[in-house]
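Turn these sequences into a full structure, and let the hints guide you.
Number of protein chains: 2
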Amino acid sequence: MLKKILISFAALALPLFAQQATPASAQPTAIQNYISQHRPEIMQEFTQFLAIPNLAGDGPNIQRNANALAEMCRKRGLKTQLLQVGNAPPAVLAEAPNADPTKRTVTFYAHYDGQPVNKGDWTQDPWTPVLFSRGGSQTNPALDDPRTFIMARSASDDKAAIIGLLAAFDAMQATHTPLSVNLKFLFEGEEEAGSPHLAQILSQFSALLQSDLWVICDGPTNQNGQPQLVFGSRGVVTAQITAFGPNRPLHSGHYGNWAPNPVVELVHVISKLRTTGAEITIPHFYYPVRPLTPSEQAALKNVPDIDAQLKTEFGLAGTEGQGALAEQIMKPALNLDRIEGGGTGPNPANAIPSSATAYIDFRLVPNQTPAIVKEQLESYLRQMGHYLISKPPTPSERLQHSRVLQVVWGAGYPPQRTDIGSPVAQAFIQATKTVTGNELVLLPTLGGSTPAFEFEQQFKKPVIGLPIANYDNNQHAANENLRLKNLWDGIALFAGIYGTLGNYWK
Amino acid sequence: MLKKILISFAALALPLFAQQATPASAQPTAIQNYISQHRPEIMQEFTQFLAIPNLAGDGPNIQRNANALAEMCRKRGLKTQLLQVGNAPPAVLAEAPNADPTKRTVTFYAHYDGQPVNKGDWTQDPWTPVLFSRGGSQTNPALDDPRTFIMARSASDDKAAIIGLLAAFDAMQATHTPLSVNLKFLFEGEEEAGSPHLAQILSQFSALLQSDLWVICDGPTNQNGQPQLVFGSRGVVTAQITAFGPNRPLHSGHYGNWAPNPVVELVHVISKLRTTGAEITIPHFYYPVRPLTPSEQAALKNVPDIDAQLKTEFGLAGTEGQGALAEQIMKPALNLDRIEGGGTGPNPANAIPSSATAYIDFRLVPNQTPAIVKEQLESYLRQMGHYLISKPPTPSERLQHSRVLQVVWGAGYPPQRTDIGSPVAQAFIQATKTVTGNELVLLPTLGGSTPAFEFEQQFKKPVIGLPIANYDNNQHAANENLRLKNLWDGIALFAGIYGTLGNYWK
Chain A
1 MLKKILISFA ALALPLFAQQ ATPASAQPTA IQNYISQHRP EIMQEFTQFL
51 AIPNLAGDGP NIQRNANALA EMCRKRGLKT QLLQVGNAPP AVLAEAPNAD
101 PTKRTVTFYA HYDGQPVNKG DWTQDPWTPV LFSRGGSQTN PALDDPRTFI
151 MARSASDDKA AIIGLLAAFD AMQATHTPLS VNLKFLFEGE EEAGSPHLAQ
201 ILSQFSALLQ SDLWVICDGP TNQNGQPQLV FGSRGVVTAQ ITAFGPNRPL
251 HSGHYGNWAP NPVVELVHVI SKLRTTGAEI TIPHFYYPVR PLTPSEQAAL
301 KNVPDIDAQL KTEFGLAGTE GQGALAEQIM KPALNLDRIE GGGTGPNPAN
351 AIPSSATAYI DFRLVPNQTP AIVKEQLESY LRQMGHYLIS KPPTPSERLQ
401 HSRVLQVVWG AGYPPQRTDI GSPVAQAFIQ ATKTVTGNEL VLLPTLGGST
451 PAFEFEQQFK KPVIGLPIAN YDNNQHAANE NLRLKNLWDG IALFAGIYGT
501 LGNYWK
Chain B
1 MLKKILISFA ALALPLFAQQ ATPASAQPTA IQNYISQHRP EIMQEFTQFL
51 AIPNLAGDGP NIQRNANALA EMCRKRGLKT QLLQVGNAPP AVLAEAPNAD
101 PTKRTVTFYA HYDGQPVNKG DWTQDPWTPV LFSRGGSQTN PALDDPRTFI
151 MARSASDDKA AIIGLLAAFD AMQATHTPLS VNLKFLFEGE EEAGSPHLAQ
201 ILSQFSALLQ SDLWVICDGP TNQNGQPQLV FGSRGVVTAQ ITAFGPNRPL
251 HSGHYGNWAP NPVVELVHVI SKLRTTGAEI TIPHFYYPVR PLTPSEQAAL
301 KNVPDIDAQL KTEFGLAGTE GQGALAEQIM KPALNLDRIE GGGTGPNPAN
351 AIPSSATAYI DFRLVPNQTP AIVKEQLESY LRQMGHYLIS KPPTPSERLQ
401 HSRVLQVVWG AGYPPQRTDI GSPVAQAFIQ ATKTVTGNEL VLLPTLGGST
451 PAFEFEQQFK KPVIGLPIAN YDNNQHAANE NLRLKNLWDG IALFAGIYGT
501 LGNYWK
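So the sequences go chain by chain: A and B.
Residue 506 is where the first sequence ends in the working numbering, and the numbering goes up by one at each step.
Residue 506 is where the second sequence ends in the working numbering, and the numbering goes up by one at each step.
Calculated directly from the structure, the hints in this document are not laboratory data.
Accuracy of the hints is not assured; some may be wrong.
Claimed, not checked - Under the rule of at most 27 angstroms between Cα atoms (straight-line distance), these lysine-lysine pairs were calculated in the DSSO-like manner:
1. B:391 <-> A:311
2. B:311 <-> A:391
3. B:311 <-> B:301
4. A:119 <-> B:119
The structure displayed is predicted, hence computed values, not measured ones.
And the structure:
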């Protein structure tokens, strides 16, 4: 089988196994032709899939997604099953038939659930996908136009990867291009909820999930427009911190500077957690952070500096930290995602609110863990004199404790990094370059979080990230979108990995 | 005319002109009988009036309120006109006929507009008044039951006062009880919007508005359940402060601790404006505050200490300041009414918001002014390195300035205090005690804000506050309500003032 691949690639004078970069046009034209000829069918499947609301907490609809996805896998001849744990959204496991025991097995991971939506912020319903163009025809945006986008929740994060992986499999089949590795796909249904059951799924179904490499297909390509490989991701853990005032809003004139103001309490707490620069001021916070390895430092030097471009694009006169973006995301972060207190809508009442809440996410780097961060934050809050509870205060707790904070932790994962200098990492880079040439960014870590750690933890195997979405996709926000060209390029990339990774991985 | 009054009161053996307190049952039973016999008619008028939506910014409805109110005045024989300035909600001026030039003239002020509403927080439509009971019959709450309340926006703040003033006039007429002073009523239509046109109305129509005393009928009775007179009110000025991050929300993983987080910027700003105690840390903030006078200090000592009761009621283990409530409201306050950033709704996205806003109100005491506070806050923000703007930043402002704050000021008024030892104040206390006996609290200032300063400024005449609403009325919040007994008591109080103030005021 390996010989056959060599022959099929030999026709393209591909310098297989060579250490030097291969040209950008190295991929078999058959794959590219397949993509060119099948855009409408691929988009039809994508659009139908995007039309199913996919919040992890929306049980009936998340089950519809899982069933639809399982059916999409089965109709391609993939061996497919739902991995169910309790009432959690099922994970969909699909496997290419006729696995060759002499080849390595690679599992590609993506997730089919999406971030929560605030419909009022969207220009359309998040689950009514529409095409639009940035600079081209609005009435009839062409599928092969690089200015054409599709807007819907999960268009980029992360249903595009699922469609890309499946379409790449179709392309291999249709063009009779042999697979260089055995393929498995694992599609999770609650990544955006913090993957609370992933570890259990991996453990309970570990026999079905054995593989030699995990590939996380999530996140964006580089902001400079080039594809990228990511060899790690930051961990994440979320926390809601709520401060309490009077048990009902009070007139701010009659009670102002007598009744405790929960917004004031909260802002003082938050201001003590971090500076307006990027420094986190929770005691000992950085203690578990390991220094960068020499290969990480070397890789960082080659990451393109796109700070000036991004500052212009995002309307920023400055940035929070001292370093460029790629350097900053090698460090942990404490993000304020939301703050609220005193209601919403026009014309706030002049009243002391009864509570105020900050929504925080921590991004973690090796060797931090959510458990360590929880302990650090809660110790610090107690040390500052707060009485911590995990549920809203009872009437007697209100009367007994003057500085009550409710802290509610979300699910999360630790960070993960794969050694960029390892043989598997180097083979993956070579396989990717058969499609991209030297137009490829190698990022020691993604700023965002993936469940990479869970795979490494369970299977003790390497994990590599291969994202395909455009970076300006409004991921996690309103009007999420995918540039269609990123889907076509992604299909080509996935097919390139399917077809060549096994050849480079000695 | 004075003689006639003496005679009518003589029958009750009322110690007129005496310095000592009069008994609680001193009021003519005719007035009390009138009230007892006319509750249904009074409630009908009240309910119809409450049913007209009354946000100052809702032009057509605020005009409906003004027209209805003018008609209510005219049908009683009051000389009535709308005082119109530009497109502002008209003030309604009504005057009792047959003014006696040998008597002093008193203008009673109230407002007919209400605080903004967030309908989702109400248990019913804010402009569909309903009766309910705290502890009595829910199906048929009796009008004379002290457990019966009416719920609607402005039930207490401040349409109750208007109904009370007019019903008291009816009671005087019906019982042929003579007026001891000439009566005028001024009903404003945009007090809750900060009275932006009141000064202009008072100035433009000053000839019509001449009087010897202004009585502000707004705010609550004492929290201990007793009626109270207030000899001042805190001033107020509102500000919105907005911090800016990226021009669109960014994924908090990919950009966290690189893209500036506006919530972090904002909480650091707010935390530098005041402590979690009641201390305001804006430089020189307390400089204009004049010390308490001896008569204010003496009056403070007699204010009942209701802190323990209120802390239990509001579920508070502690308070912000060092002093009891009555003492704290003699000081300025910086209240955080609302904070928002990063959207609303369930499940916040893990994203760096593009802006965050804090809604502040300052409560002022003599001799602070809104202008001084504006200057103090803005100087301080600039001193901390912020670039201030009053409109959202332009794209070029975003790129040029890294610490932009938008500061938007609302309307407001300075504080006001009338010397509690002055003859008019002492006469007013005596007139009130003819109804209340010694069950009367004398408060040197209201914590809340009224336009008292505007009257003093324009007419150089004393101003006294005579509030009637129950203190637990959810004023400025959802489910605003009035205890009906407060209305009946208020009518009696107003009638008592109409009938006796002139006798005591030498």
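Here is what the structure says about each hint:
1. B:391 <-> A:311: Holds. Residue 391 (chain B) to residue 311 (chain A) sits at ~22 angstroms (cutoff 27 angstroms).
2. B:311 <-> A:391: Distance ~21 angstroms between residue 311 (chain B) and residue 391 (chain A) Cα, so the pair holds.
3. B:311 <-> B:301: holds (20 angstroms)
4. A:119 <-> B:119: Answer holds: residue 119 (chain A) to residue 119 (chain B) is near 19 angstroms, not above 27 angstroms.
When the structure is compared with the earlier hints, no violation turns up for any of them.
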